[in-house]
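> As they're listed, the protein sequences go chains A and B.
For the first sequence, the working numbering assigns the number 1 to the initial residue and increments by one for each residue that follows.
For the second sequence, the working numbering assigns the number 1 to the initial residue and increments by one for each residue that follows.
Calculated from the structure, these hints are not laboratory results.
One should not assume that every hint holds.
[Claimed, not checked] Which residues of chain B face chain A? A partial, calculated answer using Cβ under 8 Å:
| no. | residue |
| --- | --- |
| 1 | Phe3 |
| 2 | Ala19 |
| 3 | Met30 |
| 4 | Ile53 |
| 5 | Ala55 |
| 6 | Leu58 |
| 7 | Glu59 |
| 8 | Pro67 |
| 9 | Phe80 |
| 10 | Ser158 |
| 11 | Asn187 |
| 12 | Ile189 |
| 13 | Lys327 |
Quick reminder that beta carbons are idealized off the backbone N, C-alpha and C, glycines included.
So you can see what is in the structure, the chains are spelled out below.
Number of protein chains: 2
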Amino acid sequence: MDFQKVIAVATRRGIFQPAFEAYGGLAGFMDYGPVGVRMRRRILEVWRKHYVIDAGCLELDGALIGPESLFQASGHLGEFDDALVDCKSCGKQFRADHLVKSGEEMSREELSNAITGTACPGCGEELSEMSSFNLMFSTGVGAGNGSPGYLRPETAQSIFLAFPWLLRQNRGKLPMAGAQIGRSFRNEISPRQGPLRMREFTQMEVEHFFLPSDEPKLSDELRNITINLLTANGNETNSTVGEAFDSGIIGSSLVACHLARAQHFLVTIGVPSGKLRFRQHGSNEMAHYSSDCWDGEINTSLGWIETIGVAHRGDYDLSAHGKASSKEFRVAIPGTEKEMETWVPDIGKLGKKFKGDAKIILEAIKDLELKPNISVDVNGKSIDLTTEYMSLKTERRSEMVYPNVVEPSFGLDRILYCLLESSWKVDSDREWISLPQSTSPYDLLVAPLMTKDGLDEKAHEILKAAVNVGVDAYYDEAGSIGRRYARADEIGIFFSMTIDHQTLEDGTVTLRERDSKNQSRVSIEGAINKVRR
Amino acid sequence: MDFQKVIAVATRRGIFQPAFEAYGGLAGFMDYGPVGVRMRRRILEVWRKHYVIDAGCLELDGALIGPESLFQASGHLGEFDDALVDCKSCGKQFRADHLVKSGEEMSREELSNAITGTACPGCGEELSEMSSFNLMFSTGVGAGNGSPGYLRPETAQSIFLAFPWLLRQNRGKLPMAGAQIGRSFRNEISPRQGPLRMREFTQMEVEHFFLPSDEPKLSDELRNITINLLTANGNETNSTVGEAFDSGIIGSSLVACHLARAQHFLVTIGVPSGKLRFRQHGSNEMAHYSSDCWDGEINTSLGWIETIGVAHRGDYDLSAHGKASSKEFRVAIPGTEKEMETWVPDIGKLGKKFKGDAKIILEAIKDLELKPNISVDVNGKSIDLTTEYMSLKTERRSEMVYPNVVEPSFGLDRILYCLLESSWKVDSDREWISLPQSTSPYDLLVAPLMTKDGLDEKAHEILKAAVNVGVDAYYDEAGSIGRRYARADEIGIFFSMTIDHQTLEDGTVTLRERDSKNQSRVSIEGAINKVRR
Numbered sequence: 001m002d003f004q005k006v007i008a009v010a011t012r013r014g015i016f017q018p019a020f021e022a023y024g025g026l027a028g029f030m031d032y033g034p035v036g037v038r039m040r041r042r043i044l045e046v047w048r049k050h051y052v053i054d055a056g057c058l059e060l061d062g063a064l065i066g067p068e069s070l071f072q073a074s075g076h077l078g079e080f081d082d083a084l085v086d087c088k089s090c091g092k093q094f095r096a097d098h099l100v101k102s103g104e105e106m107s108r109e110e111l112s113n114a115i116t117g118t119a120c121p122g123c124g125e126e127l128s129e130m131s132s133f134n135l136m137f138s139t140g141v142g143a144g145n146g147s148p149g150y151l152r153p154e155t156a157q158s159i160f161l162a163f164p165w166l167l168r169q170n171r172g173k174l175p176m177a178g179a180q181i182g183r184s185f186r187n188e189i190s191p192r193q194g195p196l197r198m199r200e201f202t203q204m205e206v207e208h209f210f211l212p213s214d215e216p217k218l219s220d221e222l223r224n225i226t227i228n229l230l231t232a233n234g235n236e237t238n239s240t241v242g243e244a245f246d247s248g249i250i251g252s253s254l255v256a257c258h259l260a261r262a263q264h265f266l267v268t269i270g271v272p273s274g275k276l277r278f279r280q281h282g283s284n285e286m287a288h289y290s291s292d293c294w295d296g297e298i299n300t301s302l303g304w305i306e307t308i309g310v311a312h313r314g315d316y317d318l319s320a321h322g323k324a325s326s327k328e329f330r331v332a333i334p335g336t337e338k339e340m341e342t343w344v345p346d347i348g349k350l351g352k353k354f355k356g357d358a359k360i361i362l363e364a365i366k367d368l369e370l371k372p373n374i375s376v377d378v379n380g381k382s383i384d385l386t387t388e389y390m391s392l393k394t395e396r397r398s399e400m401v402y403p404n405v406v407e408p409s410f411g412l413d414r415i416l417y418c419l420l421e422s423s424w425k426v427d428s429d430r431e432w433i434s435l436p437q438s439t440s441p442y443d444l445l446v447a448p449l450m451t452k453d454g455l456d457e458k459a460h461e462i463l464k465a466a467v468n469v470g471v472d473a474y475y476d477e478a479g480s481i482g483r484r485y486a487r488a489d490e491i492g493i494f495f496s497m498t499i500d501h502q503t504l505e506d507g508t509v510t511l512r513e514r515d516s517k518n519q520s521r522v523s524i525e526g527a528i529n530k531v532r533r
Numbered sequence: 001m002d003f004q005k006v007i008a009v010a011t012r013r014g015i016f017q018p019a020f021e022a023y024g025g026l027a028g029f030m031d032y033g034p035v036g037v038r039m040r041r042r043i044l045e046v047w048r049k050h051y052v053i054d055a056g057c058l059e060l061d062g063a064l065i066g067p068e069s070l071f072q073a074s075g076h077l078g079e080f081d082d083a084l085v086d087c088k089s090c091g092k093q094f095r096a097d098h099l100v101k102s103g104e105e106m107s108r109e110e111l112s113n114a115i116t117g118t119a120c121p122g123c124g125e126e127l128s129e130m131s132s133f134n135l136m137f138s139t140g141v142g143a144g145n146g147s148p149g150y151l152r153p154e155t156a157q158s159i160f161l162a163f164p165w166l167l168r169q170n171r172g173k174l175p176m177a178g179a180q181i182g183r184s185f186r187n188e189i190s191p192r193q194g195p196l197r198m199r200e201f202t203q204m205e206v207e208h209f210f211l212p213s214d215e216p217k218l219s220d221e222l223r224n225i226t227i228n229l230l231t232a233n234g235n236e237t238n239s240t241v242g243e244a245f246d247s248g249i250i251g252s253s254l255v256a257c258h259l260a261r262a263q264h265f266l267v268t269i270g271v272p273s274g275k276l277r278f279r280q281h282g283s284n285e286m287a288h289y290s291s292d293c294w295d296g297e298i299n300t301s302l303g304w305i306e307t308i309g310v311a312h313r314g315d316y317d318l319s320a321h322g323k324a325s326s327k328e329f330r331v332a333i334p335g336t337e338k339e340m341e342t343w344v345p346d347i348g349k350l351g352k353k354f355k356g357d358a359k360i361i362l363e364a365i366k367d368l369e370l371k372p373n374i375s376v377d378v379n380g381k382s383i384d385l386t387t388e389y390m391s392l393k394t395e396r397r398s399e400m401v402y403p404n405v406v407e408p409s410f411g412l413d414r415i416l417y418c419l420l421e422s423s424w425k426v427d428s429d430r431e432w433i434s435l436p437q438s439t440s441p442y443d444l445l446v447a448p449l450m451t452k453d454g455l456d457e458k459a460h461e462i463l464k465a466a467v468n469v470g471v472d473a474y475y476d477e478a479g480s481i482g483r484r485y486a487r488a489d490e491i492g493i494f495f496s497m498t499i500d501h502q503t504l505e506d507g508t509v510t511l512r513e514r515d516s517k518n519q520s521r522v523s524i525e526g527a528i529n530k531v532r533r
C-alpha cells in the first residue's frame with residue numbers, strides 16, 4: 001500500500017486524520033481516532049511489557065513545558081536548529097538541506113557552499129543567506145511577558161533531570177533505566193508527509209544509566225537475536241547481535257543490548273524483519289552528544305524511514321545538568337571510599353547570623369559539595385558563605401563520577417504508519433490489515449446474524465462475558481455478515497464471531513480467523529478462551 | 001493526612017515531585033515517578049472501562065497545539081482569562097479574585113469595585129488597574145514569526161472539531177460520545193498548591209452529543225445511585241439521582257446520567273462517598289457556554305476541591321465551529337425529509353472556466369450548503385461563484401440542526417492528590433495507603449525471606465508466573481520482611497507474598513493482605529489466583 005492509500009484508509013476508518021482541516025489545516029499535527037487510539041495503546045502495551053515489566057525500567061511522566069535554563073544546559077537552545085533559507089521574492093521558507101542532493105549529510109559549512117546560487121524552487125528567484133532556525137516551540141510562563149519556556153523537543157531531558165530522584169527510588173543502585181512515554185515537539189520548517197514528519201509526536205524513550213567502569217554485558221538471550229546492520233562506511237551485514245558485537249561492528253555492549261531489544265520489539269508488534277535494518281550514523285550526522293548512534297529504519301513505499309534511534313550519549317547530559325544546576329548528578333564509585341577532609345556547615349553560626357534564612361541556606365547546599373566562598377541564593381539575594389560558617393571534618397567518602405547512558409528512542413507515530421503500510425494485504429476479494437493479535441485494534445468482532453429471534457440479546461450477553469475477561473470486543477449488527485467481515489478486516493479485527501439460531505440451541509458460535517478466513521464451529525466458552533490474549 | 005505530608009510522602013515514594021527543582025523550579029508543573037505513573041495508569045484504566053468499554057464512547061487523541069482561528073471560534077481567545085493586578089512598587093502579580101473575600105464568585109465589574117483601594121499583599125504599596133490576562137499559552141508555528149498557535153486549554157475542543165469525523169465513524173448515528181485522555185494547559189498567574197493548581201494537567205473528558213429533541217433518558221441503573229448535591233441556592237440534599245431529577249434539582253436527564261456515572265466512577269477508584277458532593281454553579285460562575293453545570297468536589301484538608309465538572313454546553317461549541325469553519329457540524333433531523341430546491345455545482349461549466357482549479361473548488365464546497373455568489377478560497381485567491389456555475393435541483397433533504405452536548409470532565413492530577421490524602425491510614429505501628437486493588441500501584445509484593453538456599457530463585461519463578469497472568473508485581477529482597485512490608489504499605493501494594501523454606505518443601509507461600517494485615521498459608525497457584533484482578 002502506498003502513502004496516499006494509507007492516509008485515505010486511515011482517515012476513512014478512524015485511525016488518524018490531519019488535524020484542524022476545518023480551519024484550513026496546520027501541517028505537522030494529527031488527530032488519532034477511535035481505531036487509531038486503540039492501535040497506539042496496543043503498541044504501547046507491548047512496549048511497556050518489554051521495557052517496564054520485563055526489563056524493569058522505572059517509569060516517569062514529566063512536564064512538557066520546561067524553563068529556558070534547562071534547555072540552555074541540555075544544548076538545545078544553542079544547537080537544536082535547522083538551516084533555513086527564504087526566497088527574497090515570494091517569501092517561501094525552505095530547509096536548506098532539502099534543496100541540494102545529500103544535504104542532510106552535510107556540515108553547515110558544506111551546506112552553505114552547496115546551496116550558493118540555488119534558485120527558489122517555488123518562483124525561481126534568488127534565495128536569502130542561510131540562517132539558523134531553532135526547532136523548539138517557545139512560549140511564556142506566567143503573566144505579562146512571563147519567563148521564557150519551551151516545549152520539550154525530546155522526552156529524554158525529563159528523565160535526565162529526574163535522575164537523582166529516580167536513583168533514590170532505586171535505592172542508589174546502578175545500572176538503572178528510566179522509561180517515558182509522552183509527547184514531544186519540534187517546530188519543523190515545512191513538514192509534509194503526515195505522520196512521518198510531525199511537529200507534535202509521541203515518543204517512547206529509555207535512558208539506561210550505568211557506571212562507566214561497569215557497562216552492562218550482552219546476555220546470551222539478546223546475543224542470539226538476528227539483525228540487519230548498515231554501517232557508517234556502507235557495509236551491510238546480517239548476523240546475530242553477538243557476532244556484530246564480537247567483531248567490533250557494534251562498539252558498546254549496552255548499545256548492542258538495545259539494538260537487540262529494539263529488533264525484538266519491532267518484530268513482535270508486526271514489522272517484517274526483512275523490512276527492518278539498523279543504520280549507523282556517520283560523524284556529520286551524529287547529534288552533538290552522541291558517540292555511537294544507530295537508526296532503526298523500516299522500508300516503505302517512500303524508502304527507508306527512521307522510526308527508532310539507539311544512541312550512546314556518554315555522560316553528556318548528566319554532566320551538563322550537574323554543572324549548570326544546583327543538584328548532584330554524580331554517583332559514588334564503589335571501592336573508592338577513603339578518609340577525606342570535607343567542609344561541613346556550622347549550623348550554630350549560620351543560625352546566629354542568618355536567623356530564619358539559615359534553613360533556606362542549609363536546604364540550598366544539602367546536595368552540593370561545600371567549598372569556602374560558595375554563593376547561595378536566598379530569596380533572590382546572593383550570600384557568600386565564608387569559612388566562618390563551615391568547618392573541616394574528616395569523613396569517609398568516595399570518588400564521584402557522572403554515569404554514562406545509552407538511549408533507545410522510539411517514534412510511535414512513524415511506527416504506526418509503517419505498520420499500517422507493511423501489514424496491508426490485498427487479494428482477489430478483500431483488503432485487510434494483517435497485524436499480530438497484540439497490536440490489532442480489537443481481538444474480536446461480535447456479530448448476531450440478524451437482530452431478531454433473540455440473537456442480538458444473546459450476542460450482547462456473549463459480548464459482556466468476553467469483555468469481562470479482558471477481550472477487546474467490537475459489536476456490530478448492521479448490514480450483511482459479509483459486509484461486517486469486510487469492515488472488520490479493513491481495521492484488522494483479529495477474530496470474528498457470528499451468533500445464529502444454532503447458538504440458541506446448542507451454545508456454539510462460528511469463529512472466523514481474520515488472516516486465513518478459516519471458520520470453525522465452537523462452544524461460546526471455547527471461543528472466548530481462544531480469543532483471550 | 002495534610003497537604004505538606006502528602007507532598008513529602010509523594011516525593012519520597014516516587015509518586016510525584018515538583019518539576020525543574022534543579023533549575024529553581026517552575027510553579028504549576030509536576031513530574032510523576034515510577035509509583036505515580038502506575039497509579040495514574042490504574043485510574044485511567046478504570047475510567048476507560050467505565051466510559052469507553054462499558055458506555056461505548058469513541059476515543060480520540062487530538063493535537064495539543066492548535067491554530068488561532070480555532071480558539072477564536074471557541075471563545076477562548078476572547079473570554080478565557082483571569083483578572084490581573086500588579087503592584088506598582090514591587091511588580092508582583094496577583095489574581096484580582098484572590099485579593100478579596102468571595103472574589104471568585106464576583107462578576108468582573110463587582111471585582112473591580114471590590115479591589116479598589118486594596119494594597120499589595122507583598123509590600124503594602126499601591127496596585128495597578130485591573131487588566132485581563134488570557135490563560136492560554138501562546139506559541140508560533142513555523143519559521144520566522146510563524147503563525148500564531150496556542151496550547152489547548154481543555155481537551156474538549158479537539159473532540160468538537162473532530163465531531164464530523166467521529167460521526168462518520170459512528171455511521172451518522174446519534175447519540176454518540178467522544179472520549180479523550182490528554183494534556184491541557186492553563187497559564188495560571190501564580191499557581192501554588194502543587195497538584196491542585198497546575199499549568200499543565202491531564203484531563204479525561206467525554207462529549208456526549210445528542211439531538212436536542214431526543215435527549216438520552218436516565219436509565220434505571222443510574223437512577224438508583226445515591227449522590228450528595230449542593231444546589232446554586234445553597235440547599236444540600238442526599239438522595240438518589242432519580243429523585244433529584246424527578247424533583248427538578250437536576251434539570252437535564254443527560255446531566256443526571258453523567259452525575260450518576262461520575263459518582264459511581266469516583267467511588268469505584270476509592271473516593272469515600274461521604275467526602276464527595278456535587279455543587280451547582282451559580283450564574284456568575286458559569287462558563288460562557290454552559291446552561292447547567294455541576295462541580296464534583298472532594299473534601300480534603302484544604303477544603304472542598306473541584307476534581308470534575310459536568311456541564312450542559314448546549315450547541316455552543318458545534319455551532320461556533322460550524323459558523324466559523326468550512327465544515328458541516330449539523331445533523332439531519334429524522335422525519336423532516338422533504339423535497340427541497342437546492343443549488344448544485346455545474347461541473348462542466350466549472351471545469352471549462354477554472355480548468356485544474358475546478359477540483360479545488362469542488363473540494364472546498366463539498367460540505368457546504370451551496371448558495372449563489374458564495375466565495376471560495378483557491379490557493380489564496382477568493383473566487384465568487386455566481387449562478388452561472390450552479391443550477392437548481394429538486395432533492396429530498398432534511399432540516400439540519402446542531403446537536404447538543406453534555407460534558408463530564410475529570411482532572412486526573414487533582415483526583416490522584418485527593419485519593420492519596422483520603423486513603424492515607426495511620427495506626428500505632430504503621431502508615432499505609434488504603435486504595436482498592438484496582439487503583440493500587442501494584443497488586444503484589446513478591447519477597448523471598450532471604451536471598452540464599454534458592455529462595456530468591458523460587459521467588460523469581462513465582463514472580464514470572466504472576467506477571468504472565470497479568471499481575472502487576474513488585475520484587476523486593478532488601479532488608480527484613482517487616483521493613484519490606486512497611487515500604488509496600490506506604491505505596492499501597494495490595495497483597496504481599498513471602499517465599500520461605502517451607503515453600504520449597506510444600507509449594508505454599510504466606511499471603512498477606514495490606515489493609516487487614518491478615519496472613520494465610522496458601523498454595524502458589526491459589527495465591528496467584530487470588531491476586532489476579
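> Next step is simple, just say for each hint if it's right about the structure.
To see whether the hints hold, each was checked on the structure:
1. Phe3: violated, 19 Å
2. Ala19: holds, 4 Å
3. Met30: holds, 7 Å
4. Ile53: holds, 6 Å
5. Ala55: violated, 12 Å
6. Leu58: OK, holds: Leu58 of chain B within 8 Å of chain A, min 4 Å.
7. Glu59: holds, 4 Å
8. Pro67: holds, 5 Å
9. Phe80: violated, 14 Å
10. Ser158: This interface hint holds because 7 Å falls under the 8 Å limit.
11. Asn187: holds, 7 Å
12. Ile189: For Ile189 of chain B, the interface hint holds, since the closest Cβ of chain A sits about 5 Å away, which is under 8 Å.
13. Lys327: This interface hint holds because 4 Å falls under the 8 Å limit.
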